[in-house]
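Visitor: Below, each chain spelled out in residue letters.
Protein chains: 2
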Amino acid sequence: MSTQPQLDQIHHVAIPVSDIAASVAWYREQFHCDVAYQDATWALLKFANISLALVTSSQHPPHIALIHPDAAQFGPLTTHRDATRSIYIPDPDSNQVEVMDAASVRRY
Amino acid sequence: MSTQPQLDQIHHVAIPVSDIAASVAWYREQFHCDVAYQDATWALLKFANISLALVTSSQHPPHIALIHPDAAQFGPLTTHRDATRSIYIPDPDSNQVEVMDAASVRRY
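Those protein sequence lines, which keep their order, are chains A and B. Counting in our numbering, the first sequence runs from 155 upward without gaps. Counting in our numbering, the second sequence runs from 155 upward without gaps.
Keep in mind the hints are simulated off the structure, nothing from the lab. It is possible that part of the hints are untrue.
No copy is singled out in the list; a pair is fine if it fits within one copy or between any two copies.
Simulated crosslink set (SDA-like; lysine to any residue; CA at most 20 Å straight-line) [as the list claims (entries may be wrong)]:
#	residue 1	residue 2
1	200	160
2	200	238
3	200	241
4	200	245
5	200	167
6	200	237
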C-alpha cells in the first residue's frame, strides 16, 4: 500500500524535425506506431503508452506535455483547436512544459 | 478488434538541464512524480506512464528511448550499468533514439 499521491501522466513529447512526411515515414518504418494526425507543420504518432509529436520548430516549440488536475493554477489557459486547454511554462533551463488541464483531455 | 501489431512503448525521454538537483526540485514541486535515481550528472523521474530523465548534456545526450522486441537488428547493443541493453540511432534530424532490447527491460 502507498500513501503517495497518484503520479501525473505525460501526455506527449514533441521533438523538432525538418520534414514532417520524411520523419513520419522513418518512425513508422523503424517502430510500431500509428499516425493520429499529420499536416505539413506537425504530426502526432501514437505509441503504446504515450504520443510522440514531430514538430517543425518554426511553427511549434519542442516540449513535453503533462496532464494536471488543475492546470489553471499555473496561469491563464489557452484553448486549442482540439479543445484541449493548456498553458506552457518554462522549466529552470527553459525547456518548454505544456500543462494540459485534465478535464479537457478526452483520453488518458 | 484490430489487426494492427502491438504498438511499441516509449520507456523514457531525456531532456537537457544544467543543474540536476535544482531541476529535480522544480519538477517535484510542480508535479507528482517520484525520483527513481539521482546523481550529479542525471536523474530519473517516474511519472504514471513513462519516466523523464534529466541529463547534463555534456555527460548524457538528450534522447527518447523505445522498447523494441529485437533491438539488435539496429546494430550491436551496449550493456549499461542497470543491465539494460540498447543502441542509439539518429533519426533523420539527428535526434537521438535509444532502442532498448525488451528482454533487458525489467518493467514495461
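Visitor: Each hint should be assessed against the structure and marked as holding or not.
Guide: These are the hints, each one checked on the structure:
no.: 1; hint: 200 / 160; in the structure: between (23 Å within a copy, 11 Å between copies)
no.: 2; hint: 200 / 238; in the structure: within (17 Å within a copy, 24 Å between copies)
no.: 3; hint: 200 / 241; in the structure: neither (22 Å within a copy, 22 Å between copies)
no.: 4; hint: 200 / 245; in the structure: between (25 Å within a copy, 17 Å between copies)
no.: 5; hint: 200 / 167; in the structure: both (11 Å within a copy, 15 Å between copies)
no.: 6; hint: 200 / 237; in the structure: within (19 Å within a copy, 28 Å between copies)
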